[in-house]
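Chemist: Make the full structure from the sequences, and use the hints.
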Amino acid sequence: MARIVLQRLLVSVIRFAAAGLALIVLIELAFCVIGGSDRHVWRAESYGPVPPGLSARPVSWAGLLEDRVRVSLPVLFICVPGILLIGYSWGILGARLRRFHGARLLAAPFSLFACVPGFWFVVLVAIYSYFHWKRPGFADDLIVEQGPDLLTWWHAAVVALPALAAGAASQIRAVSSVLEREVTRPYLRGLFMAGYSEEDIFYRHAFRRALPALFAAGDRTFSALAGSIVCLEYAFRYPGIGSLLVEAVRLGSYGGILVSAFVLAAFVSAGVIFCESASRLIKPEAAGG
Amino acid sequence: MNRRQSKVLRTLARLVIRLWQMRRVLLLVVPYLFLFGWLFAAGSRMDVRPGELYGVTDEPAWGSPDADHWFGTTVNGADLFELSRLAMATSVSVAVVSVSFGIALALLVTMLFVFDPGEKRFELPNVVGQSGFLLPSFVVLLVLTGGSGGSLGVAILGLILVIAFHLCPVLTTWFQEGEDGFDIVAGYALGLSRREIVMNRILPKILRRLVGVFATYVPVVVLVEMALSFLGFTGDRLSCGAMIAYGQGLIIEAPWMAIYPGLMATAVVLVLSLLGWRVSSAMRTGPLPRLF
Numbered sequence: 025m026a027r028i029v030l031q032r033l034l035v036s037v038i039r040f041a042a043a044g045l046a047l048i049v050l051i052e053l054a055f056c057v058i059g060g061s062d063r064h065v066w067r068a069e070s071y072g073p074v075p076p077g078l079s080a081r082p083v084s085w086a087g088l089l090e091d092r093v094r095v096s097l098p099v100l101f102i103c104v105p106g107i108l109l110i111g112y113s114w115g116i117l118g119a120r121l122r123r124f125h126g127a128r129l130l131a132a133p134f135s136l137f138a139c140v141p142g143f144w145f146v147v148l149v150a151i152y153s154y155f156h157w158k159r160p161g162f163a164d165d166l167i168v169e170q171g172p173d174l175l176t177w178w179h180a181a182v183v184a185l186p187a188l189a190a191g192a193a194s195q196i197r198a199v200s201s202v203l204e205r206e207v208t209r210p211y212l213r214g215l216f217m218a219g220y221s222e223e224d225i226f227y228r229h230a231f232r233r234a235l236p237a238l239f240a241a242g243d244r245t246f247s248a249l250a251g252s253i254v255c256l257e258y259a260f261r262y263p264g265i266g267s268l269l270v271e272a273v274r275l276g277s278y279g280g281i282l283v284s285a286f287v288l289a290a291f292v293s294a295g296v297i298f299c300e301s302a303s304r305l306i307k308p309e310a311a312g313g
Numbered sequence: 007m008n009r010r011q012s013k014v015l016r017t018l019a020r021l022v023i024r025l026w027q028m029r030r031v032l033l034l035v036v037p038y039l040f041l042f043g044w045l046f047a048a049g050s051r052m053d054v055r056p057g058e059l060y061g062v063t064d065e066p067a068w069g070s071p072d073a074d075h076w077f078g079t080t081v082n083g084a085d086l087f088e089l090s091r092l093a094m095a096t097s098v099s100v101a102v103v104s105v106s107f108g109i110a111l112a113l114l115v116t117m118l119f120v121f122d123p124g125e126k127r128f129e130l131p132n133v134v135g136q137s138g139f140l141l142p143s144f145v146v147l148l149v150l151t152g153g154s155g156g157s158l159g160v161a162i163l164g165l166i167l168v169i170a171f172h173l174c175p176v177l178t179t180w181f182q183e184g185e186d187g188f189d190i191v192a193g194y195a196l197g198l199s200r201r202e203i204v205m206n207r208i209l210p211k212i213l214r215r216l217v218g219v220f221a222t223y224v225p226v227v228v229l230v231e232m233a234l235s236f237l238g239f240t241g242d243r244l245s246c247g248a249m250i251a252y253g254q255g256l257i258i259e260a261p262w263m264a265i266y267p268g269l270m271a272t273a274v275v276l277v278l279s280l281l282g283w284r285v286s287s288a289m290r291t292g293p294l295p296r297l298f
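Top line first, the protein sequences correspond to chains H and B. Residue numbering for the first sequence follows the numbering used here, beginning at 25 and increasing consecutively. Residue numbering for the second sequence follows the numbering used here, beginning at 7 and increasing consecutively.
Hints are computed from structural coordinates only; laboratory data are not their basis. Possibly wrong hints are sitting among the right ones.
Only some residues are given here: those of chain B computed to face chain H with a beta carbon under 8 angstroms [as the list claims (entries may be wrong)]:
(1) S137
(2) F139
(3) S143
(4) L150
(5) G153
(6) V160
(7) L237
(8) G241
(9) S279
Glycine included, C-beta positions come from ideal geometry on N, C-alpha and C.
Modeler: Here's what the structure looks like:
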């Protein structure tokens with residue numbers, strides 16, 4: 025087990041380094057080659073201290089990163105378990121009910137919600153909050169000074185909800201398609217002919233054999249989630265890591281771009297390590313398939 | 007008494023029969039034609055600037071939604087419904103162009119590896135794909151468009167590259183799956199060359215599925231393009247994203263200016279998504295679906 029985890033960790037470090045290199049090349053290409061800036065990405069003077077536009081108080085890069093990550097954590101805390109829980113449970117159920125187009129029906133509410141532009145949804149919440157609750161709608165308008173900080177969780181939930189809906193819809197489809205592919209294999213027909221019940225065939229054989237592929241199906245969700253919170257956080261004036269990236273791009277701050285993009289890449293990388301390790305650790309034969 | 011049918015009647019009958027045979031395709035194509043026709047009926051003016059429509063003056067001429075203006079009017083009195091339709095037409099055009107070129111680029115890149123007879127021919131694209139996925143596509147687009155000053159051309163270029171990057175691993179998987187069929191093994195046994203097998207057996211099946219890919223990607227790219235324009239990274243150009251972004255500043259005085267463009271965007275993306283899922287499932291395998 026340790027060997028597999030360490031192996032995946034090493035692979036991830038190499039991939040992370042490659043992604044970092046790609047990001048640096050991208051910044052140089054966008055800002056200097058296309059944008060015509062003379063601040064090259066390899067020059068130390070292109071970075072400097074944290075610009076005032078990224079933080080109201082004087083702070084180091086590490087301090088800024090800590091502040092922004094702490095704010096973004098509740099959003100990820102809602103999104104990641106929500107997507108995995110809904111995606112896997114409804115996806116498995118959808119594949120089980122494939123005769124009745126279960127996966128499509130179960131994913132439909134999330135897919136429909138995913139058609140709503142997320143930034144528009146958070147603006148709607150801000151408008152509703154202003155007119156119906158008589159309080160400023162955006163996340164940067166009010167600070168709780170005493171009592172339980174429920175407002176933080178409310179703001180995190182508003183940002184998380186559109187990202188969660190899109191992620192859950194794609195996860196349900198991915199999980200059910202893996203299982204639906206597994207149940208078309210010829211050995212299951214043999215089991216059916218041998219007199220096994222449908223439930224037995226699905227849960228004790230097809231599901232167990234598909235477990236590695238099911239775990240592997242989760243890796244792309246993290247990338248999509250990281251991308252969607254960038255726009256949502258900025259739209260809701262939520263001062264998280266996604267907002268930091270947009271503000272840094274606007275200000276042309278290479279330090280801010282690198283810091284925020286590396287954190288997002290690290291988050292995706294952690295998710296990929298988890299999915300790949302789990303998919304390699306689980307052996308379908310040992311699961312009794 | 008037997009009478010010969012006239013030529014016109016025979017042609018008409020043949021046309022009706024042909025249309026009946028094509029009914030499943032028409033059920034998918036006609037809604038697209040209606041949607042695109044309706045969107046582009048508003049024209050394709052690229053000179054409308056959202057800054058002019060939403061810039062508050064001393065005496066704004068805006069009006070809330072009524073029977074004449076379903077979505078209300080902007081600061082200069084322009085109809086918001088027509089502007090939203092115009093904005094969506096532009097977004098859909100951008101998406102169609104980006105997805106078309108993205109698919110073409112992905113196919114071109116994949117074809118560079120397909121004819122290689124080695125077992126590990128797709129190793130390189132797979133390794134590159136796995137490393138690149140650590141960097142979210144939206145982050146790449148953001149840096150590219152934001153760093154270059156925000157122009158539509160760069161946004162389209164970025165979208166094409168991102169789509170091709172996402173699609174290459176999918177295409178390699180399809181090519182690999184396509185080579186596992188019994189007919190392919192039989193083709194090799196009969197002495198067909200790799201080129202003949204790829205071009206005549208595998209590629210046609212993949213090309214058929216690409217129509218579904220196109221239909222599924224278009225609504226996603228429309229959403230991404232609107233998100234980029236919401237952040238102000240596609241230039242000062244009319245888009246529902248930019249309209250919502252400008253409308254945010256007026257949510258107390260004129261909330262309809264942020265609400266209704268988003269409603270139009272949601273409706274168009276929803277219709278495109280529903281059609282896309284249907285086309286995708288129809289084009290995957292087998293005959294076209296019986297019911298739309």
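Chemist: Which hints, by number, does the structure contradict?
Modeler: Hint 8 alone not satisfied by this model.
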